[in-house]
Amino acid sequence: MTRLKFGRAIARGALVSALATSMMATTVLAEPPVDLSKWSPEYVRSIAGTEEFDTAQECSQVTPLDYSGHLTFWYQGVFEGDPDLLRQYYKDFFEAFRKTYPNIQLEEQALTYNDLLDKFRTALLGNAGPMVVRLQILGGVEFASKGYLEELKPEDVGWSTEDFWPGAMKSVTWEGKTYGVPTNNETMALIWNADIFKRAGLDPDKAPATWDDVVTYSKQIHDKVGVAGYGLVARKNAGNTPYRFMPQLWGYGGGVFDEADASPTYGEVRLNSEASKRALQASYDMYVRDKSVPVSALTNQQADNQPLFLAGQLGMMISHPSDYNVMLDLQKKATGDDQAKAQTVIDNMRYGLIPTGPDGRRAVVFGGSNMHILKPEYVEGGKVDEAAARAIICFWTSPEWSLKMAYAGSNPGNLNGFKTKWMKERLDNIKFLDVTTSMLPYGVPFPALPETPEIMNIIVPDMLQNALTGAMTVDQAADDAAEKVKALTDGGGL
Amino acid sequence: MTIVTGHPGAPGKIRAARPGILRQMWMSRADYLYVLPAIVVMLIVIAYPIYYTIDLSFFKTPPGLQLRDKIFIGIDNYTAILTSEVFWRVTLNTVIWTLASTVIAFVLGYGAALALHRDFIGRGVLRAILIIPWVISAVAASYIWKWIYHSDFGIIGAVLVQLGIVDRPPNFIDSVSTVLPSLIVVNIWREFPFAMIMLMAGLQTVPEQLLRAAKVDGASAWQRFWHVTFPYLSGVSTVTILLLAVANFNSFIIPWIMTGGGPSNASHIWITHIYELAFGRQRWGVAAAYSVLLFVILMTLGYFYVRALSGNEKKEGTS
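Just so you know, the protein sequences line up as chains A and B, in that order.
Heads up, the first sequence is in our numbering, so the first residue is 419 and it goes up one at a time.
Heads up, the second sequence is in our numbering, so the first residue is 961 and it goes up one at a time.
Treat the hints as calculated values from the structure; they're not laboratory data.
Among the clues, some could well be false.
Here are the simulated lysine-lysine pairs, DSS-like style, with alpha carbons at most 27 Å apart [stated by the list, open to error]:
1. A:Lys793 / B:Lys1030
2. B:Lys1020 / A:Lys793
3. B:Lys1020 / A:Lys904
4. B:Lys1030 / A:Lys537
5. A:Lys624 / A:Lys642
6. A:Lys839 / A:Lys456
7. A:Lys801 / B:Lys1030
8. B:Lys1175 / A:Lys904
9. B:Lys1020 / A:Lys537
Computed from a predicted structure; not experimentally measured.
Can you build the whole structure from these sequences, using the hints too?
Structure below.
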């Protein structure tokens, strides 16, 4: 069983803690509600259910519960790859908010991850944005740097900066000022099918330790079992691609800049470093040399890998803890023999830490979302109902709702969420949650630059596609991408 | 306007001096008042966006700045576009996409129209079936075709593997060499019913007695088609081809949904590239310059379309 393998990870606790502390340190680590230096599956279990929170009472200190107002709100909502459980929590949230603040007229609009940035940018050009927006973690700095967002820190909505992951606060900080409050933070893990591993002659309960092992395992699975070994994703304009490639890039010691270093300056482009090229070469080896990954990786996203995995056609993939619940949902929809086959796959699902690079470096994207308030001049109608805006941000980022809204797929942005009874409940109910939670200290935030969305959504996937289609060699693709990043950050380029 | 005084047939007719344009407008002021609301609407929704796009094409819009803080750079965007390798690649893709889609859809539509013009049992049903690709949503069609083409589990690949024709499913949309032809097939499938409908309408105008007379004179089926039907359809054919060409030049849904312009830009055509530049990369200035170039090309096509239409009207007027 996977959990046994964490003994090794826990044994390295001291090292991890040191790394985590250095990686996540931003301003001054005052006194967070949890001890980040002790972070481990056991520690997370030990604090779960130790404290009670009353959301309505806490938020009433920010905005009185009888406040009467109007609020427009856009958010990155659930999409086809999310489990039904999450859909229910989203529904519950809006019901609870309306019940708590019955006099706030809320107009909310859900958008998918891939559509939100485009629509939000377009709306802002016409000064037709919402009053409050919940954006993916890589979006905030772009809009803060352009001056669209109001300054907003956790203290403005009843919380303290120390209540949130330092890495998450970095993603809402631009030129020393804070422009948002994190709602949830996530790190992914490696998921594999133990049965496929067994049939391929691999240890069914042992995850590949390094990225080089992933390449080897993927080939072995493909050659011996005849299914795709690893769920590579290289589609352009899809958030899934950087979330899966960047851990590999950082693991090998590469990066777009120095974002994986303790104190990044983003001054030097490293996409064409030898380490970055080794990471790209690993993808090339799987896709071109060994043909051990889905051919459709260039046009597919992770939502396409999930049914493949459930059908027993995929050996390994990187994904959220929510994938276990997604598989359960998909399995319920299957019929006849397919349902039994799907159950077999679910029984054989294993979660492990994301592999390391050759030098033992383990990294994962520190993902999540943040909430922001817009300046009135960019909002439809030219007014922002500040009190209503703060009320919904307080509500969503509360220990209770920041946990519930991340129940199956992520982690609470508010660290107090880990202490709630719901955290204890989800540790018992959501299988493998402790694995993805254990990955949090390895999280590397995306570069806090306005150019990051283009780098992650366009340039990095383009680099992968150029190498994997043979349009360029690995070296050329890496050099080309590095040139594009440099041109972009210098203010030029096409 | 020419004013003729006296009896038209009378000798010594006198031509009055042509009044100035402002005077002419003043004389027809009531007419202008009637169309004023339409003119105002057109100025707002057509003229201003065109002006704004042209204006924007001379500015740089870095991702860290708002659009209102754009930086004037003269014709640098145009220079950058025309000297960029991607531009020429995307242009070549666009030309291939537009030409192949237009010509093949037209030829197939022509054939289908001729076949369906004859009377046979089930003609109505067949006509309804052939129109389906054109009436269903392009978005839905794109997703369906994406699964048909899927490089690992697509229907075509599965059938070919089952029949033992290939060992591995063919790579349709994940290869730089096959992606564009694969998308063109989908586009043709979507568009040939349009050509078919246009030409079926045109076929109704071919005089039956002329075809019968030609038959009596011993003309073969080919000769009847070539010397009677084809010339009669030349007007509607020109219009159909131009409409198809403009629609194909502006195609967005199929390539965007199926491949997003990838892999490696191999299926990017102008519209998808402009969309990506503007909304994915916020290069509003560059995207505007691209749009201006596209506008010029489409206006040229539009000119020929209008000429073709007025040519048809002339023919109809004289016949």
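Structure-based check of all given hints:
1. A:Lys793 / B:Lys1030: Roughly 20 Å separates the two Cα atoms, so the pair holds.
2. B:Lys1020 / A:Lys793: holds, 24 Å
3. B:Lys1020 / A:Lys904: Between B:Lys1020 and A:Lys904 the Cα gap is close to 17 Å, so the pair holds against 27 Å.
4. B:Lys1030 / A:Lys537: Satisfied, since the Cα-Cα distance of roughly 20 Å is no more than 27 Å.
5. A:Lys624 / A:Lys642: holds, 18 Å
6. A:Lys839 / A:Lys456: At roughly 20 Å apart (the allowed maximum being 27 Å), A:Lys456 and A:Lys839 satisfy the hint.
7. A:Lys801 / B:Lys1030: holds, 25 Å
8. B:Lys1175 / A:Lys904: Outside the cut-off at roughly 73 Å; violated.
9. B:Lys1020 / A:Lys537: Satisfied, since the Cα-Cα distance of roughly 21 Å is no more than 27 Å.
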